[in-house]
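Let the hints inform the model, and build the full structure from the sequences given.
Residue 5 is where the sequence shown starts when you use the working numbering, and the numbers rise one by one after that.
In case anyone wonders, no lab produced these hints; they're calculated from the structure. Hints are supplied without guarantee of correctness; some may be wrong.
Unchecked claim - Derived pair list, reagent style DSSO-like, types lysine-lysine, alpha-carbon separation capped at 27 Å: (1) 130 with 166; (2) 130 with 109; (3) 166 with 109.
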Amino acid sequence: MKSHRELIYIVLGVFLGFLLIVSLGSGYSLDFGYGDGRYYPPGCCQGPENFTSNGERIYFTGVSETGERIPFIGGPRWLSVHGGSCVDCHGRDREGGFTPMMCSKETPSITWQHLTEHGMSESDVKTVITEGVEPDGEELSSCMPRWQMSQEDLNDLVSYLKNP
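Rendered as structure tokens:
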């Protein structure tokens with residue numbers, strides 16, 4: 005009869021083998037996207053290999069062109085632990101439409117067309133990004149990080165959002 009420890013190792017090995025087979029067949033990445041421990045379904049959030057602007061880099065990675073991670077206040081706990089950026093909640097196409105883990109609200113579209121159709125100015129968008137406050141003064145959910153970025157990085161990000 006096998007010892008308790010041997011049974012645990014066998015079960016663990018079978019489970020890990022199963023995960024490997026399922027992940028290889030499903031298209032999910034075992035390296036978790038950027039190789040930084042974050043998990044991405046196929047086609048969800050990975051950015052381009054080369055960024056065309058600092059704003060695009062910030063949107064997809066949360067890192068400015070200086071190579072420094074942009075700090076934030078609030079946001080879901082997993083964002084603080086694993087890092088992340090706008091793309092993790094608003095998606096590659098900026099359309100939002102899903103509820104991030106540990107949050108209670110669906111993320112909105114942040115395409116420039118959607119934002120301006122809802123009466124938001126460039127200044128309003130910057131306030132939402134950095135302070136988490138809507139133009140009418142309503143504070144957003146704590147799931148929305150309050151990004152603490154330089155004015156230059158903020159301008160670059162908004163410029164990226166304006167591009168279709």
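Checked hints:
| no. | hint | verdict |
| --- | --- | --- |
| 1 | 130 with 166 | holds, 12 Å |
| 2 | 130 with 109 | holds, 21 Å |
| 3 | 166 with 109 | holds, 24 Å |
Going through the hint list in order, the structure satisfies each hint without exception.
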